[in-house]
Amino acid sequence: MAKIVVDVMLKPEILDPQGVAVSAALPRLGFTFAKSVRQGKRFEIEVDGEPTPAQLAEVEKATEKLLANPVIETFTVRVEK
Amino acid sequence: MALDTVAIAKANPDTTQPFAELGLKGDEYSRIKEILGRRPTSSELAMYSVMWSEHCSYKSSKVHLKQFGEKAVKTDALLVGIGENAGVVDVGQGYAVTFKIESHNHPSFIEPYQGAATGIGGIVRDILTMGARPIAVMDPLRFGPADAADTRRVLPGIIAGVGGYGNCLGLPNIGGEVVFDETYIGNPLVNALCVGVMKHSDIKLAKAAGAGNLVVLYGAKTGGDGIGGVSVLASETFDATGPAKRPAVQVGDPFVEKVLIECSLEIFAEDLVVGIQDLGGAGLSCATSELASGGSGGMKVELDRVPLRDATLSPEEILMSESQERMCAIVEPKHIARFLEICKKWDVTVTVIGEVTDGERLEITWHGELIVDVPPRTVAHEGPVYIRPLAKPEYVDRVNAEKVNVPRPETAAQIKETVLKLAATPNLADKSWVTSQYDRYVQGNTIQSQPDDSGMVRIDEKTNLGVAIATDANANWSYLNPYEGAKLALAEAARNIATAGAKPLAVTNCLNFGSPEDPGVMWQFAESVRGLADGCLEMGLPVTGGNVSFYNQTGAVAILPTPVIGVLGVIDDVRTRTPMSFDRAGLELYLLGDTEDHLAGSEWAYMHGQRGGKAPIADLQREMRLINLLVEGRTSEIFTAAHDLSQGGLSATLTEMVLRHSVGAIVDIENPGTVLISESPGRVVVAVDPSKVGALLAVASKEKITVTKIGVTGGSSLVINGADIPLTELRKAHTETFIKLFG
Numbered sequence: 042m043a044k045i046v047v048d049v050m051l052k053p054e055i056l057d058p059q060g061v062a063v064s065a066a067l068p069r070l071g072f073t074f075a076k077s078v079r080q081g082k083r084f085e086i087e088v089d090g091e092p093t094p095a096q097l098a099e100v101e102k103a104t105e106k107l108l109a110n111p112v113i114e115t116f117t118v119r120v121e122k
Numbered sequence: 047m048a049l050d051t052v053a054i055a056k057a058n059p060d061t062t063q064p065f066a067e068l069g070l071k072g073d074e075y076s077r078i079k080e081i082l083g084r085r086p087t088s089s090e091l092a093m094y095s096v097m098w099s100e101h102c103s104y105k106s107s108k109v110h111l112k113q114f115g116e117k118a119v120k121t122d123a124l125l126v127g128i129g130e131n132a133g134v135v136d137v138g139q140g141y142a143v144t145f146k147i148e149s150h151n152h153p154s155f156i157e158p159y160q161g162a163a164t165g166i167g168g169i170v171r172d173i174l175t176m177g178a179r180p181i182a183v184m185d186p187l188r189f190g191p192a193d194a195a196d197t198r199r200v201l202p203g204i205i206a207g208v209g210g211y212g213n214c215l216g217l218p219n220i221g222g223e224v225v226f227d228e229t230y231i232g233n234p235l236v237n238a239l240c241v242g243v244m245k246h247s248d249i250k251l252a253k254a255a256g257a258g259n260l261v262v263l264y265g266a267k268t269g270g271d272g273i274g275g276v277s278v279l280a281s282e283t284f285d286a287t288g289p290a291k292r293p294a295v296q297v298g299d300p301f302v303e304k305v306l307i308e309c310s311l312e313i314f315a316e317d318l319v320v321g322i323q324d325l326g327g328a329g330l331s332c333a334t335s336e337l338a339s340g341g342s343g344g345m346k347v348e349l350d351r352v353p354l355r356d357a358t359l360s361p362e363e364i365l366m367s368e369s370q371e372r373m374c375a376i377v378e379p380k381h382i383a384r385f386l387e388i389c390k391k392w393d394v395t396v397t398v399i400g401e402v403t404d405g406e407r408l409e410i411t412w413h414g415e416l417i418v419d420v421p422p423r424t425v426a427h428e429g430p431v432y433i434r435p436l437a438k439p440e441y442v443d444r445v446n447a448e449k450v451n452v453p454r455p456e457t458a459a460q461i462k463e464t465v466l467k468l469a470a471t472p473n474l475a476d477k478s479w480v481t482s483q484y485d486r487y488v489q490g491n492t493i494q495s496q497p498d499d500s501g502m503v504r505i506d507e508k509t510n511l512g513v514a515i516a517t518d519a520n521a522n523w524s525y526l527n528p529y530e531g532a533k534l535a536l537a538e539a540a541r542n543i544a545t546a547g548a549k550p551l552a553v554t555n556c557l558n559f560g561s562p563e564d565p566g567v568m569w570q571f572a573e574s575v576r577g578l579a580d581g582c583l584e585m586g587l588p589v590t591g592g593n594v595s596f597y598n599q600t601g602a603v604a605i606l607p608t609p610v611i612g613v614l615g616v617i618d619d620v621r622t623r624t625p626m627s628f629d630r631a632g633l634e635l636y637l638l639g640d641t642e643d644h645l646a647g648s649e650w651a652y653m654h655g656q657r658g659g660k661a662p663i664a665d666l667q668r669e670m671r672l673i674n675l676l677v678e679g680r681t682s683e684i685f686t687a688a689h690d691l692s693q694g695g696l697s698a699t700l701t702e703m704v705l706r707h708s709v710g711a712i713v714d715i716e717n718p719g720t721v722l723i724s725e726s727p728g729r730v731v732v733a734v735d736p737s738k739v740g741a742l743l744a745v746a747s748k749e750k751i752t753v754t755k756i757g758v759t760g761g762s763s764l765v766i767n768g769a770d771i772p773l774t775e776l777r778k779a780h781t782e783t784f785i786k787l788f789g
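Read top to bottom, the protein sequences are chains W and P. If you number the first sequence the way the working numbering does, the last residue is 122 and the count never jumps. If you number the second sequence the way the working numbering does, the last residue is 789 and the count never jumps.
Mixed in with the good hints, there may be bad ones.
[Claimed, not checked] One side only, chain P facing chain W, incomplete, derived with CB under 7 Å:
id, residue
1, Pro64
2, Glu157
3, Gly270
4, Val295
5, Val297
6, Asp299
In short, the hints are calculated from the structure, not lab data. Virtual Cβ for every residue (Gly too), placed ideally from N, Cα, C.
Work out the full structure: start from the sequences and follow the hints.
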């Protein structure tokens with residue numbers, strides 16, 4: 042059994058209100074390391090056996106349609122062992 | 047990209063510039079060179095290109111829109127007229143109200159949720175900019191066919207966006223429209239209206255007067271949102287075969303806007319600003335040039351001081367960015383400390399970016415280098431003006447000559463079938479699926495909202511003074527006759543205010559059309575504006591402002607001409623309003639107004655695939671007498687209920703009335719084949735207690751309005767000429783359409 046991971050992030054030019062809120066909250070809690078924070082989402086998809094290139098292409102298509110909004114988000118699809 | 051400065055522009059006059067890619071025509075580019083006496087820098091080119099776009103400059107519509115000023119009625123009620131961010135109207139008791147409607151059509155097609163959300167955000171900031179506290183929003187929406195795949199994509203996102211942004215701001219959504227038609231597929235219309243209230247003395251204007259005063263930018267940081275959005279998004283038709291110009295969509299943050307509203311209102315209350323402007327389409331280009339030309343003209347801005355979300359932005363991009371939730375204020379130096387203090391309290395980013403000068407030029411520098419040096423009026427107000435060719439399209443005479451041929455409900459079975467079909471058709475079906483996603487009652491001042499004829503909010507909790515607003519457009523009639531269509535939409539919106547007993551006071555509009563480069567579309571536009579201006583003059587209502595949205599078309603197919611008209615009215619005591627429906631048996635039902643065989647452009651004809659025939663001719667004198675009757679009926683407490691007749695005619699009106707409080711009615715009408723389905727304008731159904739019938743007849747006779755008794759209230763069915771339609775069955779038909787379509 043393998044795991045396909047899809048990471049979705051807002052495009053860099055798009056405002057990320059959640060990231061802004063997190064980066065404002067960090068220093069209030071005493072954490073001063075962050076210059077900026079952007080928040081995304083991660084999908085873990087379990088499949089039987091080793092994913093084939095065709096399967097990964099299917100996942101890409103599904104991501105464009107459902108998991109991500111390609112107008113404002115970018116994504117990557119990878120296999121996690 | 048290397049920095050292009052004024053010095054470089056002077057030294058290298060022949061550098062090739064991408065003016066065409068930025069949407070400027072060759073002669074427009076030449077004119078910029080003539081104004082400046084040299085080629086523009088790339089930053090100047092960016093500013094001119096966005097400010098001279100159709101969306102910002104109104105270059106195709108200006109010559110027609112001036113009728114709103116020329117034909118204007120003299121009225122003391124108008125405190126601020128066309129030209130400012132929004133018009134302001136006196137509603138009495140020291141209160142002024144400002145309202146405006148704008149389109150966000152193209153962005154909402156690309157990214158439905160964010161497009162609709164930022165549409166609400168933009169119009170709310172326009173109202174705030176006038177110095178008013180925003181108190182309610184409305185949104186007239188139009189989509190392709192309800193069962194079309196693209197409608198399923200855009201509708202849920204747009205509804206959620208309107209609701210998401212408005213709900214977070216804590217603004218009630220008090221009405222609007224949801225209309226479906228084939229021509230809106232690929233080009234939904236998202237119009238957003240906001241109304242705000244203030245005291246007379248609080249009015250703020252967009253001007254930068256007084257040399258030495260500071261230019262202050264506050265609110266969200268500037269990012270790469272919607273760069274070129276104004277010129278690319280709003281002014282060019284989508285073309286699937288053209289180069290991929292996927293524009294950066296603006297993403298809003300309603301919580302930042304909420305804080306910005308409260309922060310701004312506190313600043314206004316302490317009278318700390320000389321002038322103020324929100325940053326919407328064309329961002330800083332628009333705000334700086336409009337503020338400067340609203341004053342003496344001189345302004346210096348240090349663009350590198352603008353706080354950025356993305357440090358890699360070039361000066362051109364900063365000038366064009368449409369990042370949301372930003373405002374620009376002109377502040378006297380003696381007030382700046384307090385201004386900064388208030389911003390700090392609300393945790394709002396604030397930066398002094400420049401100052402007003404006693405010169406006449408807008409000068410913008412980037413790390414000390416002069417990159418913009420222009421007369422601001424040439425950017426903001428003296429853009430190109432086009433007298434576009436217009437020609438009556440060939441379709442008009444052809445469709446006007448068509449006869450409407452639809453089934454006529456004569457027998458009891460036919461009547462029942464017709465009423466149920468009309469109740470269920472998407473354009474007339476219950477819209478709760480939509481409006482239940484909006485907060486309609488937040489702030490506790492909402493008196494009326496969907497499904498009432500108009501939205502009504504209380505603006506003074508002690509005196510119960512209130513305002514009512516309705517928006518209407520009948521694109522089917524505008525298609526058949528744009529001149530009458532605009533007048534009829536105006537009449538309908540005014541009537542929708544008056545059914546509650548409010549007195550119409552002022553008009554705003556959002557004119558949605560196809561490409562102005564098509565002479566047929568331009569004719570529809572010109573006729574609509576002429577109709578609206580004539581109508582407003584005749585009804586004595588000033589136009590306080592509005593918005594034009596062109597290029598609403600998919601390929602060569604333009605949308606139906608859709609002039610959305612908003613009318614605002616005032617009511618001295620909201621507790622005395624006339625409700626839209628009755629909640630008890632034993633009342634008499636009367637139809638006010640005359641019914642003719644007006645089926646052209648009707649919902650029933652549309653349902654039978656018929657678009658032809660002649661639109662009704664608006665009789666605004668009669669409409670005004672009907673309004674008088676409705677207002678007097680309210681103040682003399684004659685009516686128990688009053689409800690407008692429009693799309694779907696008497697059938698739709700009775701359906702909505704009986705379902706509202708689940709009290710049925712027994713109705714008998716002559717000639718049901720016409721009277722049940724006709725959409726003759728200027729009609730209202732009223733419910734009156736038998737003891738008030740004499741008073742009704744007396745007022746109606748004074749105002750010369752036809753009164754026809756059509757039935758009585760009571761029972762658990764709507765019975766029309768013996769056709770018994772149980773309310774449970776009617777309700778099922780009316781309410782399940784949207785649930786079936788959109789889940």
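Numbers of unmet hints, in rising order: Hint check: 1 fails alone, others pass.
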